[in-house]
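Novice: Start from the sequences and build out the full structure, keeping to the hints where you can.
If you read the protein sequences in the order shown, they are chains G and B. Its first residue numbered 456, the first sequence is counted upward by one per residue in our numbering. Its first residue numbered 456, the second sequence is counted upward by one per residue in our numbering.
Be careful, since some hints might not be right.
Identical copies go unnamed one by one, so any copy, or any two together, can satisfy a pair.
[What the hints assert, rightly or not] Here are the computed lysine-lysine pairs in the DSBU-like style, where the Cα-Cα straight-line distance is at most 35 Å:
#1 Lys603 x Lys558
#2 Lys754 x Lys799
#3 Lys503 x Lys733
#4 Lys771 x Lys503
#5 Lys799 x Lys576
#6 Lys754 x Lys663
#7 Lys817 x Lys553
#8 Lys817 x Lys487
#9 Lys677 x Lys663
Honestly, the hints are just simulated from the structure, not real lab data. These figures come from a predicted structure and were not determined experimentally.
Number of protein chains: 2
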Amino acid sequence: MFTPGPTDVHPVVLRAMAEPLINPDIDVRFFKIYDSLCNKIRKVAGTKNSLFLFAGEGMVALDSAVANLVEPGDQVLSISSGVFGDGFTDLIKNYRGKPVVVKSEYDDVVTPNQVDRALEKNPRIRVATFVHCETPSGTISPLRQIGKVCNDHDLLLITDAVSTLAGVPVNADKNHVDICLGASQKCFSSPPGLAIISVSDRAWERIKRRKTGVESFYLDLKTWKNMWLKDRTFPYTQSTSEVVALNKSLDLILEEGLNSIYNRHSVVAEYVRSSCEKMGLNLFPKRQEICSDTVTVLKIPSGIGETKLRERMRTKHGIIIAGSWGKLAGRVIRLGHMGYNAQKAKAERVVEALSETLKSSK
Amino acid sequence: MFTPGPTDVHPVVLRAMAEPLINPDIDVRFFKIYDSLCNKIRKVAGTKNSLFLFAGEGMVALDSAVANLVEPGDQVLSISSGVFGDGFTDLIKNYRGKPVVVKSEYDDVVTPNQVDRALEKNPRIRVATFVHCETPSGTISPLRQIGKVCNDHDLLLITDAVSTLAGVPVNADKNHVDICLGASQKCFSSPPGLAIISVSDRAWERIKRRKTGVESFYLDLKTWKNMWLKDRTFPYTQSTSEVVALNKSLDLILEEGLNSIYNRHSVVAEYVRSSCEKMGLNLFPKRQEICSDTVTVLKIPSGIGETKLRERMRTKHGIIIAGSWGKLAGRVIRLGHMGYNAQKAKAERVVEALSETLKSSK
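Specialist: Below, the structure is given as structure tokens:
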């Protein structure tokens with residue numbers, strides 16, 4: 456499986472999934488594991504903010520962030536260079552906010568200058584949504600510079616770091632991220648089913664001052680603040696096994712060390728990109744500098760169908776790679792080299808198989 | 456662990472949690488497992504309706520049901536005899552519906568007559584919420600009769616069957632349940648992390664005719680209808696390992712046979728109730744007939760603290776039992792005998808330990 460999340464899962468983490476259950480509602484051992492896990496994720500994200508986990512997929516965290524930070528009528532900056540950026544625009548509309556969109560094509564990213572100009576023009580904007588890595592198109596955006604511009608304009612910044620956390624540096628606090636979003640199945644290489652959210656004091660302040668309530672119980676961050684952060688009671692039964700497994704993933708990550716992990720991602724990504732270009736494939740992103748080190752997206756050469764290509768990779772080589780969605784469907788293939796899958800040996804096998812598949816398809 | 460969900464998990468199911476991941480977005484093997492699992496749950500629920508699973512805890516299904524069936528200003532009947540019934544009333548208010556509440560005390564249940572009278576008085580009501588078993592207080596309500604009354608008044612019935620599905624008969628279609636809600640960690644005895652929802656054609660019709668949108672992406676049932684049921688694409692990455700594990704739980708359940716399972720729950724519950732009464736404990740529910748066969752809730756004798764009692768059960772006997780919440784906190788203990796935990800031998804150990812603990816506390 457060389458897909459951009461879910462990734463293969465380390466055997467040690469899989470074994471943790473099979474441990475007998477601890478009661479998450481009343482057993483203090485579970486509370487300790489949960490606290491410890493949140494602290495470890497804080498280290499990876501580079502944040503001292505409140506942090507907790509939803510039972511659910513990454514999307515539940517994106518949905519919750521917008522549900523809580525946006526009120527009807529609010530102007531919200533949507534910085535979008537891809538499928539998930541556009542998704543944020545839709546979420547803002549759903550919650551009856553008014554998105555002010557700064558966009559780029561999917562093979563490019565939005566520049567800090569574009570963001571600055573939009574904010575100069577719309578001084579009432581107080582919240583921005585931003586996607587660090589667009590997994591469907593393989594681009595990574597300049598979080599540091601965009602975080603700075605947003606901070607200069609005194610904005611609250613919601614950042615989808617789902618496919619960068621534990622793969623490339625995020626440094627949430629340094630980069631002025633108020634809400635940082637993640638998921639278990641990307642670079643953490645745990646099974647899917649947990650969504651991560653961190654919330655800054657400024658974001659809590661804004662939530663406190665809302666004039667309207669958040670309709671959903673499940674997505675309401677106030678519930679977490681009042682029940683878990685204050686009273687140490689979970690709002691609902693937590694996904695014990697997945698929490699225990701993700702905790703194990705974080706142990707492996709911190710044992711290896713973040714610098715070593717970022718380096719490993721960078722080396723493998725560089726190898727995948729250059730090897731693919733050598734075999735005549737074109738990267739989907741316009742420039743090398745905006746290619747994410749967690750996923751490589753390649754244009755499909757004319758004359759080869761995406762389905763056929765992926766099918767041959769699977770049946771002949773036992774390797775599962777991904778296509779993409781929306782307007783990218785059928786036009787690109789995606790190689791995920793994140794987390795446990797960011798290994799040179801694995802990447803070499805995939806590159807060889809891809810090369811063979813392309814030759815045989817001619 | 457003798458708590459009313461999560462329960463202990465069968466070793467075969469735990470092993471399934473540790474299987475290497477299948478890609479849930481693109482691997483057809485996963486689609487087959489998912490379909491097969493949904494069909495098995497349909498058998499247990501007694502429904503031919505659409506059925507699918509949220510990545511999330513049971514609460515996400517309750518939240519979604521109300522989010523989708525209730526529009527601002529709608530009068531909605533809330534049938535409440537406990538914590539979760541009251542929770543539905545809150546959800547209805549959150550979504551700006553107008554709850555018409557028929558209530559009982561927590562140690563009793565609402566009668567079909569009460570429901571009938573409320574509906575006679577409020578003929579504009581089109582939706583009702585109902586909790587089959589109130590896990591915090593141990594009562595079970597007469598679903599068959601209440602379903603009939605609701606159907607006579609042409610209502611859409613939302614039923615929380617979280618702690619009855621696969622423990623006592625639900626017969627959703629026969630009992631006119633339009634939205635049936637469940638969770639993986641109760642009588643299915645799988646780890647927590649999956650919520651179950653079934654949706655009748657009448658309910659889909661009402662959702663289609665909504666004048667206002669559902670704000671949340673994650674809770675929106677239309678997304679599931681358009682993406683999964685129509686286009687066979689999941690709205691987000693599914694919790695592979697938990698789906699595979701729950702599928703294994705369902706295999707065990709259907710292998711044993713539903714009648715045998717219902718009988719096992721009934722025998723163990725009867726044993727627990729009578730043994731506890733013999734040792735001088737009083738059942739919290741007013742009458743035997745309204746005691747659920749999945750959980751027994753007992754009043755704590757005066758002079759013994761709940762925490763101390765539970766603590767001694769844990770340290771001396773290695774058995775974890777539950778307290779309760781809200782206005783029941785500190786007043787009752789709860790013995791969960793659901794799913795894999797509904798075994799005579801286990802129940803005997805718990806009863807003995809409880810008897811010893813009570814004697815030693817005198």
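Novice: Within a copy, between copies, both or neither: which one fits Lys677 and Lys663 at a CA-CA cutoff of 35 Å?
Specialist: both (8 Å within a copy, 31 Å between copies)
Novice: Can you tell me if Lys754 and Lys663 fall within 35 Å by alpha carbon in one copy, between copies, both or neither?
Specialist: Answer is neither; intra-copy 46 Å and inter-copy 39 Å both fail.
Novice: When Cα atoms must be at most 35 Å apart, do Lys503 and Lys733 count as within-copy, between-copy, both, or neither?
Specialist: Intra 43 Å, inter 54 Å, cutoff 35 Å: neither.
Novice: First find the shortest C-alpha distance between Lys817 and Lys553 inside one copy, then the shortest across copies, and answer within, between, both or neither for a cut-off of 35 Å.
Specialist: Neither way: Lys817 and Lys553 sit 49 Å apart in one copy and 65 Å across, limit 35 Å.
Novice: If the cutoff is 35 Å on CA atoms, where do Lys603 and Lys558 land: within, between, both or neither? Let me know, please.
Specialist: within (18 Å within a copy, 54 Å between copies)
Novice: Taking 35 Å as the upper bound on the Cα-Cα distance, should Lys817 and Lys487 be classified as within, between, both, or neither?
Specialist: For Lys817 and Lys487, only the inter-copy Cα distance (33 Å) is at most 35 Å; the intra-copy one is 57 Å.
Novice: Indicate which option fits the pair Lys754, Lys799 if close means a Cα-Cα distance not exceeding 35 Å: within, between, both or neither.
Specialist: within (22 Å within a copy, 61 Å between copies)
Novice: When no copy is named, should Lys771 and Lys503 be tagged within, between, both, or neither for a Cα gap of at most 35 Å?
Specialist: For Lys771 and Lys503, neither the intra-copy (47 Å) nor the inter-copy (39 Å) Cα distance is at most 35 Å.
Novice: From the Cα coordinates, with 35 Å as the cut-off, is the pair Lys799 and Lys576 best called within, between, both, or neither?
Specialist: neither (47 Å within a copy, 71 Å between copies)
Hint violations for this structure: numbers 3, 4, 5, 6 and 7, all remaining hints satisfied.
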